[in-house]
Amino acid sequence: MITPTMILTDNKFLLYRMKIQAFVFVAISPFILCAPAVSAQEISLHLYDTNGSPIQDAVVELLSDTAVDSTSTGMREAQIDQMDKEFVPTVTTIVAGGSASFPNSDDILHHVYSFSSAKTFDTPLYGSDADNQYREMFNVPGVVEIGCNIHDWMLAYIYVGESELMAISNDVGIAQLTDIPSGQYRLRVWHSRLDAPQNSVEQDILIEVGRVAELELTLELVRDRRVRRAPSANRKRYR
Amino acid sequence: MQSPFPVRSPKLSLALCAAFILFSNSLSHANVFSQLGVNAGHESNVPRGQDGPHKEESSFLTVDYSIAKLYELGTKNTLVLSGGINATRFNELRGFDKLGVSVAANYNYKWAFGAYAPVLSLSTSYGLEEYEGRARDNELLTLDVSFLKRLSPAWFLTLGADSQQSRADSLPHDPIIEQFGYDPDRSLPFELYDYDSTSVYGDIEYSFENGMLLNAGFRRVNGFTVSSTTRPTLALYKVADALYSDPAFKAGWVAYQLEADTNEWSLGLSIPSGLDSSINFGYSFYDISAVSGNSYVNRIFSVSYVHNF
Numbered sequence: 000m001i002t003p004t005m006i007l008t009d010n011k012f013l014l015y016r017m018k019i020q021a022f023v024f025v026a027i028s029p030f031i032l033c034a035p036a037v038s039a040q041e042i043s044l045h046l047y048d049t050n051g052s053p054i055q056d057a058v059v060e061l062l063s064d065t066a067v068d069s070t071s072t073g074m075r076e077a078q079i080d081q082m083d084k085e086f087v088p089t090v091t092t093i094v095a096g097g098s099a100s101f102p103n104s105d106d107i108l109h110h111v112y113s114f115s116s117a118k119t120f121d122t123p124l125y126g127s128d129a130d131n132q133y134r135e136m137f138n139v140p141g142v143v144e145i146g147c148n149i150h151d152w153m154l155a156y157i158y159v160g161e162s163e164l165m166a167i168s169n170d171v172g173i174a175q176l177t178d179i180p181s182g183q184y185r186l187r188v189w190h191s192r193l194d195a196p197q198n199s200v201e202q203d204i205l206i207e208v209g210r211v212a213e214l215e216l217t218l219e220l221v222r223d224r225r226v227r228r229a230p231s232a233n234r235k236r237y238r
Numbered sequence: 000m001q002s003p004f005p006v007r008s009p010k011l012s013l014a015l016c017a018a019f020i021l022f023s024n025s026l027s028h029a030n031v032f033s034q035l036g037v038n039a040g041h042e043s044n045v046p047r048g049q050d051g052p053h054k055e056e057s058s059f060l061t062v063d064y065s066i067a068k069l070y071e072l073g074t075k076n077t078l079v080l081s082g083g084i085n086a087t088r089f090n091e092l093r094g095f096d097k098l099g100v101s102v103a104a105n106y107n108y109k110w111a112f113g114a115y116a117p118v119l120s121l122s123t124s125y126g127l128e129e130y131e132g133r134a135r136d137n138e139l140l141t142l143d144v145s146f147l148k149r150l151s152p153a154w155f156l157t158l159g160a161d162s163q164q165s166r167a168d169s170l171p172h173d174p175i176i177e178q179f180g181y182d183p184d185r186s187l188p189f190e191l192y193d194y195d196s197t198s199v200y201g202d203i204e205y206s207f208e209n210g211m212l213l214n215a216g217f218r219r220v221n222g223f224t225v226s227s228t229t230r231p232t233l234a235l236y237k238v239a240d241a242l243y244s245d246p247a248f249k250a251g252w253v254a255y256q257l258e259a260d261t262n263e264w265s266l267g268l269s270i271p272s273g274l275d276s277s278i279n280f281g282y283s284f285y286d287i288s289a290v291s292g293n294s295y296v297n298r299i300f301s302v303s304y305v306h307n308f
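So the sequence lines, in the order shown, correspond to chains A and B.
Counted from 1, the first sequence has number 74 at position 75 by numbering that gives the first Met the number 0; the numbering is strictly sequential.
Counted from 1, the second sequence has number 43 at position 44 by numbering that gives the first Met the number 0; the numbering is strictly sequential.
Worth double-checking, as some hints may not be accurate.
Said to hold, decoys possible - Taking lysine to any residue and the SDA-like style, the derived pairs with C-alpha atoms no more than 25 angstroms apart in a straight line are:
no. : chain 1 : residue 1 : chain 2 : residue 2
1   : B       : K68       : A       : G126
2   : A       : K84       : B       : A39
3   : B       : K148      : A       : A229
4   : A       : K84       : B       : I270
5   : B       : K148      : A       : R225
6   : B       : K68       : B       : A103
7   : A       : K84       : B       : G73
8   : B       : K148      : A       : S116
9   : B       : K75       : A       : S116
10  : B       : K54       : B       : T261
11  : B       : K68       : B       : D275
In case anyone wonders, no lab produced these hints; they're calculated from the structure.
None of these values were measured; they are calculated from a predicted model.
Model the full structure from these sequences, guided by the hints.
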């Protein structure tokens, strides 16, 4: 059973309207009964903004003070492509110590950079012929905001996690974590627009053997920092 | 008025742009892009007439296309070389139809990475405009320096100054002007579009979360105006800097150049119509104060479509 400790580790939680509204217990499968040591504990988070719209591209991470015996391999290598003058995907998770490459699938040149404290880098201007030449290591946990020095509207985030237990919410606002070893965790939710310090909130949760839980979270978002791509008659500029 | 920029000839700007283009192949890293604009609107006082009978209004359609090459000279420096063509057709005043070509070089220095870093922009452009008659043909050299800063996700500020040199072809004697004979000791030039002007401007833009942009701008021009009248008086003759039969009208109109200060107020609304296109509504009000107390106003309302390729 997954039980929230109900100890709000941060009063801001109330402000962020993080609500644990329902726990849905599902039947334990025969497989799980046969393998209780690492059973199929799952968390399914439904993320909504204050207007009730689903939140896409939020990162959910489970943090533990002890080593986690997990079947999850996590994200050690990632690829962030540049297609039609956009980064694809917009949000990527990497475990600290992992790496990411930045191929360019466009027929124009891009210049990828980050000045985030978790990782500072910039590539030269390069085209599709560079293939996977540009790869960066991400050793420090945190969020790395990447952009293109030519196209100001291009923006993506690399979430460098402390744990391998991470998931990104989909287009209907659902993030799922599976194969979670039982134990005491801190559940962290990050989103680029979350109105909170470091754009993240945390809560302690206790995960018990063989339970699946559905949590519903309502988060307050601020406006997007991404700038408009479409030109205007007032500023007929490329950037 | 003398231009504060030490460029002696528009040809110099053209040569500089041409040289950049010729040498551009040696700069291997560049992106090519182009932009199409279609603009339909209405102008309340096309000939800049001073009073009722001379304020001729007209609707117009402008199509412009430009192609550009962007070079990244360094992490903080970019250079954009561009060439463009534009055509305007007036529905009621066909004499103001024009065709223009231009080349431009734009250098940007950005203090840091990202959309929020301040940008210093230096531009020069050289353009030719051809009208129905030679008296309105002109070549225009512009030098511009501007500072751009995104203050927040919503607000974007532009401040700048520019200098323009307008030059006209030498025109043959105009017998109509000579007939005036107001003052044999004062012989006015014919070249209406020979003048220099400077301006300072500012624009603030507000971006809504849905992508719509609202902007308000102001430009103060210290320069000249070219206006038209059917009744050139002695008083006008004495203060004008150039005078010639206006080729935009069939007969009976005279165009004149006056030193003037112009306040231009503008409002705009831009609605994205796609990833790389927008529909724009614009309104501009021109308040022109000329020497000897003459004043002129003009209002332009337009709807435009802009697409980046």
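- Item | Violated constraints from the hint list, given by number and in increasing order | Structure breaks hint 2 only.
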